[in-house]
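Peer 1: If you want the building blocks of each chain, they are given just below.
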Amino acid sequence: RKEVEQDPGPFNVPEGATVAFNCTYSNSASQSFFWYRQDCRKEPKLLMSVYSSGNEDGRFTAQLNRASQYISLLIRDSKLSDSATYLCVVTPPGANNLFFGTGTRLTVIP
Amino acid sequence: GAVVSQHPSWVICKSGTSVKIECRSLDFQATTMFWYRQFPKQSLMLMATSNEGSKATYEQGVEKDKFLINHASLTLSTLTVTSAHPEDSSFYICSATRQAANYGYTFGSGTRLTVV
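For the record, the sequence lines run as chains A and B. FYI, the numbering for the first sequence is 1212 to 1321, going by the numbering used here. FYI, the numbering for the second sequence is 11 to 126, going by the numbering used here.
Note that these hints are calculated values from the structure, not bench results. Hints are supplied without guarantee of correctness; some may be wrong.
Said to hold, decoys possible - Under the rule of at most 20 Å between Cα atoms (straight-line distance), these lysine to aspartate or glutamate pairs were calculated in the EDC-like manner:
1. A:Lys-1213 with B:Glu-69
2. A:Lys-1290 with A:Glu-1267
3. B:Lys-51 with A:Asp-1268
4. A:Lys-1253 with A:Glu-1267
5. A:Lys-1290 with A:Asp-1268
6. B:Lys-51 with A:Glu-1216
Claimed, not checked - Residues on chain B that point at chain A, a partial pick, calculated with CB under 7 Å:
7. Thr-41
8. Phe-49
9. Gly-120
Cβ coordinates follow ideal geometry from the N, Cα and C atoms, glycine included.
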């Protein structure tokens, strides 16, 4: 079983739409959770960390459900510039490396 | 903010030759460097973890004699793909972190390797 599983999409949404991505992780003892954004042929960039209490950064809201081992990312009022691949990332217990999901491809259409 | 410089950004080499990829942390001391590989439409897969001054720890299925990693200083780590073959063509990317709580990870810009 993969450490991190994501729906690869693609998600094609119109500008202004709200879109949600989900991700599950296999190790219940995982300790840190992130959403990264990766543009084509570029390195991943940290979008936001994910906390148990949920956190929001502008149009982006991340949620963590430890009981269900589930992480979500909500993007409101989608912009064309949001088009990218969104990677769900988890740090395993007792280690400091990152496990990446395969990513969910989002295209925002004018 | 923390910056990791990776080069070359792309390289084309002949089958059987070796290619060296460098990652330098420009404004912080990278105690740990991670090397990832990403094939098209796939996730980043961790190849190895290197701590400064120690031998790298390789993930299962990654040949340590083929992918030589050196992390001799706190600001430089290198990955050498030896005797490259077309199946080694991929996007290679490094990520550095410092041994401090919640320091975070900084990625290099990646190297696209094509072996012909």
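Peer 1: Hint by hint, note whether the structure agrees.
Peer 2: To see whether the hints hold, each was checked on the structure:
1. A C-alpha spacing of about 15 Å is found between A:Lys-1213 and B:Glu-69, which places the hinted pair at or below 20 Å, so the restraint holds.
2. For the proposed pair A:Lys-1290 and A:Glu-1267, the alpha carbon gap of about 17 Å is at most 20 Å, so the pair holds.
3. Taken as a hint, the B:Lys-51 and A:Asp-1268 pair is broken in the structure, with Cα atoms around 28 Å apart against an allowance of 20 Å.
4. For the hint linking A:Lys-1253 to A:Glu-1267, the alpha-carbon distance of about 25 Å lies beyond 20 Å, and the restraint is violated.
5. The straight-line distance between the Cα atoms of A:Lys-1290 and A:Asp-1268 is roughly 15 Å, inside the 20 Å bound, and the hint therefore holds.
6. Distance restraint check for B:Lys-51 and A:Glu-1216: the Cα-Cα separation of roughly 14 Å lies within the 20 Å cut-off, and the hinted pair is therefore satisfied.
7. For B:Thr-41, the shortest C-beta to C-beta distance to chain A is roughly 10 Å, which exceeds 7 Å, and the interface hint is violated.
8. Here the hint on B:Phe-49 is broken, as its CB sits about 11 Å from the closest CB of chain A, past 7 Å.
9. The interface hint given for B:Gly-120 is met, as the beta carbon of that residue sits about 5 Å from the closest beta carbon of chain A, less than 7 Å.
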